[in-house]
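Colleague: Make a model of the complete structure from these sequences and hints.
Each chain is listed here by its residues.
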Amino acid sequence: MITLTIDNQKVAVEEGTTILEAAEKLGIKIPTLCYLKEINVIGACRICVVEVQGAKAFVPACVAPVAEGMVVRTNTPAVIKARKLILELILSDHPMECLTCVRNQNCELQKLAEAFGITEVRFEGEKTSYPIDDSSPAIVRDPRKCVLCRRCVSVCTNIQTVNAIQAQERGFNTLIAPAFNEKLANVECVQCGQCSLVCPTAAIHEVDDTQRVWEALADPNKHVIVQTAPATRVQVGETIGAEPGSIVTGQLVAGLRRLGFDKVFDTDFTADLTIIEEGNELLERIKTGGTLPMITSCSPGWIKFAEHFYPDLLPHLSTCKSPQQMFGALAKTYYAQKAGIDPANIFSVSIMPCTAKKYECTRPEMKSSGYQDVDVVLTSRELGRMFKQAGLDITNLPEEEYDPPLGISTGAGEIFGASGGVMEAALRTVYEVVTGKELPNINFTECRGLTGVKEATVQVGDLPVKIAITNGLGNARKVLDKIRAGEADYHFIEIMCCPGGCIGGGGSPIPTNTEIRLKRIDAVYTEDERMTLRKSHENPAVQELYKEFLEKPLGHKSHELLHTHYTKRSNYPSEEC
Amino acid sequence: MATCSCGCGEDELTKQLDKIIDPYRGQPGGLIQVLTRAQELIGYLPKWTLIRIAKALGLSLQDVYGVATFYAFFSLIPRGRHKISVCAGTACYVKGTNMVVKTIRGHLGIKPGQTTPDSRFTLEIVRCIGACGLAPAMIIDGKDVHGRLEPEQIPQILEQYA
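Same order as they appear, the protein sequences are chains A and B. For the first sequence, the numbering used here begins at 16 and goes up steadily by one. For the second sequence, the numbering used here begins at 878 and goes up steadily by one.
Note that these hints are calculated values from the structure, not bench results. None of these values were measured; they are calculated from a predicted model. Each residue gets a CB set at the ideal place from its N, CA and C atoms; glycine is no exception. Take the hints with a grain of salt, since some may be wrong.
Simulated DEER-style distance windows between Cβ atoms [said to hold, decoys possible]:
| hint | chain 1 | residue 1 | chain 2 | residue 2 | range |
| --- | --- | --- | --- | --- | --- |
| 1 | A | 134 | B | 904 | 49 to 55 Å |
| 2 | B | 903 | A | 16 | 39 to 45 Å |
| 3 | B | 949 | A | 227 | 42 to 48 Å |
| 4 | B | 953 | A | 545 | 54 to 60 Å |
| 5 | A | 146 | B | 903 | 32 to 38 Å |
| 6 | B | 983 | A | 88 | 52 to 58 Å |
Modeller: If you want it as structure tokens, here you go:
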């Protein structure tokens, strides 16, 4: 242990601890900007400078390790003056558009400026003039607002191993972007939006589609329906001030009705349906010697990643569409028929914890109903904004139920929101379908949690089913490289693009960190336990759907509406000059 | 192996580039060496070479481009046969860097960072070259120092480089 003094208080910490962490133990919060625990620890912005007795210059607390007998002062007039100066320099190249900025009141730079009482910026000079990149249907880059903290680069490179953006040029001209400042839509960016989740400002943010939804809601000729992803009911509360992990399912439904949606449905319904189709696909592949291991296909960021970086492994992907797109295809066919509504007049909205879903719904093959199956995807953040605009504090609304039939679901559908949930839901169903017996214990706890790669063998009748579960694309690589090397003997793999699964998706409320992810995961399993039905094959609305419409799993209609194909892509542009 | 297929006649260059790359295949750490030698070969680093190098070393194009644009030594645009480096160190700056640049600009019609259409000269601004006593100064082709520059001398100096 190392003992040091910070602001006249003694503290003992492990060797290798930083000054920032040691101060935290004393309840002293040293301000930071570029620092992001576990993701970006590079001491770039210098906001966290402190005085260390005997040191020639200020020391950045986020990267400086403690030393025995060290005497640190975090709040002397000189330190505060230095921090103000640093802030003023950052602000001297920042568009002062706070009032019209998407991150207004949820911006780390704005918070610092407020905390340090910056009321004027003494420095005037050239401003960064790189153009805004709004080429992607999911993510906008606005380099004018970039503070060059490199959090996005770290998350894209180290966590997701996509490497779609990097610092280029140098000094004042430094730009965080794809090579040659190419547009995001044209490169190997998987649209996961983890960059938008960690950006301290609005230099990277989701495409805002709320206006399109307001317009549809106001159009008397449109029948506007909405589906809510499993993770959103444990997220949306946070956007209006509720504690992380608050479950707001019933209030979310009530809020959506008050916004004017004609029907409030649930992606959990098609999550259950996914289990039936995907479970049968897995059994079929095992029986007929099909390509194994089979990998889940719910996560559109993961799909795009596979297309760019592992195109040779595409036959391993389940052909099932994601629950969002299954829902979209059924809403404008099955539901339209059942309700006697012309699908041309149905406007289908989905609420997702995800930016990649915005991209997914625009993929050219996602038009099985003859129309664009899902018209607009809103992230949890955007829905929070709509509630605010409508003056709805949903946490104070009475709970309401989803509309039948596409709003009926089970706990199995709900747990899709957490890493390991799809696997657990599949096991609950596959076990009972194969053995014909009731599961003695429905909770497959080995599937749960934040561990990057989870592995297990589950006995299903005579068959020991080997499974793997990964979250975050860097972890996915570990398992995918094993498959490539012929060293993987799994039957079934769940891959989720974002750390923690969808509850940590790129469209989640900001902030999202490990602690908050864990709270949301707890909430997902609490919600599962609350449900009367917890196995997908017991969902009566899904059973009815097969009876009335689809006929059987993997049948002709299923293939037409619920299954898809993938496109080989490259992770480099062509060499033509 | 894929080669440049746009009909630009780079096939022979591609082969030579691959010879430079080969010892470093799968080794991201070889990037600077490969970029340096590729620039020696071609004179600058066109986009297709960066892509080819990224693929071979196992790096993203972003990583390669980031390095190539960080170091002033690398150029992504064609360079002239002769490089004019005008010193903008403190002494030269005070004594007339702007005059030197303006005169060259007037004579050759190029801004710093640009190359003349006949590929004869590339103009660039550099930091202190350590010839403060000769300010304002410039170096041509990295070796010939021309100091105490007066506007009317400059065209004559440039004439010496064909």
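Colleague: Each hint should be assessed against the structure and marked as holding or not.
Modeller: Against the structure, the hints:
1. Between residue 134 (chain A) and residue 904 (chain B) the beta carbon distance is about 53 Å. The supplied range of 49 to 55 Å therefore holds.
2. Separation of residue 903 (chain B) from residue 16 (chain A) is about 43 Å and conforms to the stated range, judged on CB atoms against 39 to 45 Å.
3. One distance hint, 42 to 48 Å for the beta-carbon pair residue 949 (chain B) and residue 227 (chain A), holds here, with the actual separation near 46 Å.
4. Range check, residue 953 (chain B) to residue 545 (chain A): about 59 Å between beta-carbon atoms, so the 54 to 60 Å window is met.
5. A hinted range of 32 to 38 Å for the beta carbons of residue 146 (chain A) and residue 903 (chain B) is consistent with their spacing of about 36 Å.
6. Between residue 983 (chain B) and residue 88 (chain A) the beta carbons are some 56 Å apart, a value that agrees with the proposed interval 52 to 58 Å.
The structure agrees with every numbered hint stated previously.
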